[in-house]
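**Q** Based on the sequences and whatever the hints tell you, model everything.
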Amino acid sequence: MPKSTARKGRLVIVTGIPGVGKTTVLTAALAACNARSVKVDLVNYGNMMFEEASKKGLVKTRDEMRRLGVKTQVQLQLAAAKAIARIAAKGNVLLDTHMFINTPIGFMPGIPSWVGESLKPDSIALLEADPAEVSKRRQKDAAIRAREADSPERISEHQLLGRSGAAALAVQTGCTVVIAHNREGAAEAAAKVIADLFM
Amino acid sequence: MPKSTARKGRLVIVTGIPGVGKTTVLTAALAACNARSVKVDLVNYGNMMFEEASKKGLVKTRDEMRRLGVKTQVQLQLAAAKAIARIAAKGNVLLDTHMFINTPIGFMPGIPSWVGESLKPDSIALLEADPAEVSKRRQKDAAIRAREADSPERISEHQLLGRSGAAALAVQTGCTVVIAHNREGAAEAAAKVIADLFM
Amino acid sequence: MPKSTARKGRLVIVTGIPGVGKTTVLTAALAACNARSVKVDLVNYGNMMFEEASKKGLVKTRDEMRRLGVKTQVQLQLAAAKAIARIAAKGNVLLDTHMFINTPIGFMPGIPSWVGESLKPDSIALLEADPAEVSKRRQKDAAIRAREADSPERISEHQLLGRSGAAALAVQTGCTVVIAHNREGAAEAAAKVIADLFM
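Top to bottom, those sequences are chains Y, S and R.
Taking our numbering, the leading residue of the first sequence gets 1, the next gets one more, and so forth.
Taking our numbering, the leading residue of the second sequence gets 1, the next gets one more, and so forth.
Taking our numbering, the leading residue of the third sequence gets 1, the next gets one more, and so forth.
Please keep in mind that the hints were generated in silico from the structure rather than gathered at the bench.
Please read these numbers as outputs of a predicted model, since none were measured by experiment.
Be aware that a few hints might be false.
Which copy is meant is left open, so a pair is good if it fits within one copy or across any two.
Quick list of in silico lysine-lysine cross-link-like pairs, BS3-like style, CA-CA up to 25 Å [claimed, not checked]:
1. Lys60 - Lys136
2. Lys39 - Lys136
3. Lys82 - Lys8
4. Lys71 - Lys192
5. Lys140 - Lys8
6. Lys71 - Lys8
7. Lys82 - Lys71
8. Lys192 - Lys56
9. Lys136 - Lys56
10. Lys120 - Lys71
11. Lys136 - Lys71
12. Lys90 - Lys136
13. Lys120 - Lys39
14. Lys82 - Lys120
**A** Dropping the structure here:
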């Protein structure tokens, strides 16, 4: 069932595969909200999970997170979801996360049903980019962050699977789905699509 | 879980984006059922929701419906679902609705899980058409019904999201999914695909 | 919610449409597991359902299964799921099934939510092949197994719907999704992707 009337702000989840340009777009979206005097907290699901994992001594770096077993990640997801729900109860939240995380054992859902049920988002915004552009960006970043040099075909599969996951979550929770296209040199346009969800 | 054995007829949901030619196909599907002496009630989900909204004084025209908040639409969805379930208990129902409604805050699920659970459809028939044709039809109708002049690319996204939503509902409720193609000048063929679901 | 800690092995579901080459790939995957001394039981969902149906006198041949009503198939699905869960409690299981079965009344979900909840798979591996190749294989087999001579377009729809169903199940149960491509003459590569899920 959809969210209760107790929540004060809106909870908008933004997902996007590595290399889609999410950091740039989220920064611009927050700036657009600020320019319109709309207060929004940016929360990173991975950071929240990393905090929980660090506390438990499971990992030392963020990159080690994807090597954790499915079971451990599920527990961290739930702990993070509860923490985020507490923030969302007080005001607008822009939640930075992934629909599917590419792990050694397949695409793991970043927002499984029990997390969706706990978060009860208003909207899921899928930030997408041209797979060929994403592939190029990943190759440039390879030295720094050791991303998989995925082919455009594999990137496209990952991105499309995200749409299906969002549709499933929308059907489950009643949230809306927004597809925001991050075209080369047009991050502001994608940011506006996201910022408008708080207006 | 799937529908109980108490229901007498079949409940077939037909979805399709604006401009897909749904009205024409549904009319032809009903005629095909009549020609074979199979009694089917055509029910429009939007009309049922509009009736409920009108009773509550929330709207005066059908077009105002998509300006309502998510929470209000959810309540109207539930009220309509209950009314439809009462009709379906007595005989065959062809339910005209949308998988995702294009609202100012994104694609809103027309058949969220609690509605699916309440309806327990036998089948979901996705009426689809070539996005370029849909785009042309929308432009022609613009003067009359003020539809968004969507690009074929956006229309394709909307249509594909509908398939993902139908797959999610099929997994949830056990209903079957049918993709009916409404090709230019061949509405009868699409209508037959839908009518056959009642044979 | 995800699987309990009581299970000893991993449960990997492999789905693929008729003609995708699943039998060949599964045989090679089992051989790869054996070569690495990893014990895996191959279980065929259709066979388990057929056993249950035979016991009840509902069918005599495997092909008659798809002519059964939805309600009967649901009961058979549940009985099979329980039997499989008992096997999976003891060790690794490779479960051969379908995401959507092409029936006369549409694509029926092979792993509806109550089955997914009962199985709690670790991963769903979607075995896919080029629709044109699948179409050719079906035409060659037509004399023997009376498969529908589907067009590549229809085959592509069926295959894509499977991805959406897998995404929905992943969101529901937390399992991972793997897309394994069965390219012409490269069944070993697809088999390795599946076998690696047990390492």
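**Q** Work down the list of hints and note, for each, if the structure agrees.
**A** Tested hints:
no., hint, verdict
1, Lys60 - Lys136, "neither (29 Å within a copy, 52 Å between copies)"
2, Lys39 - Lys136, "neither (34 Å within a copy, 41 Å between copies)"
3, Lys82 - Lys8, "within (16 Å within a copy, 30 Å between copies)"
4, Lys71 - Lys192, "between (37 Å within a copy, 24 Å between copies)"
5, Lys140 - Lys8, "neither (41 Å within a copy, 42 Å between copies)"
6, Lys71 - Lys8, "between (33 Å within a copy, 14 Å between copies)"
7, Lys82 - Lys71, "both (17 Å within a copy, 22 Å between copies)"
8, Lys192 - Lys56, "neither (38 Å within a copy, 34 Å between copies)"
9, Lys136 - Lys56, "neither (36 Å within a copy, 54 Å between copies)"
10, Lys120 - Lys71, "both (22 Å within a copy, 12 Å between copies)"
11, Lys136 - Lys71, "neither (33 Å within a copy, 42 Å between copies)"
12, Lys90 - Lys136, "neither (40 Å within a copy, 45 Å between copies)"
13, Lys120 - Lys39, "within (20 Å within a copy, 41 Å between copies)"
14, Lys82 - Lys120, "both (11 Å within a copy, 23 Å between copies)"
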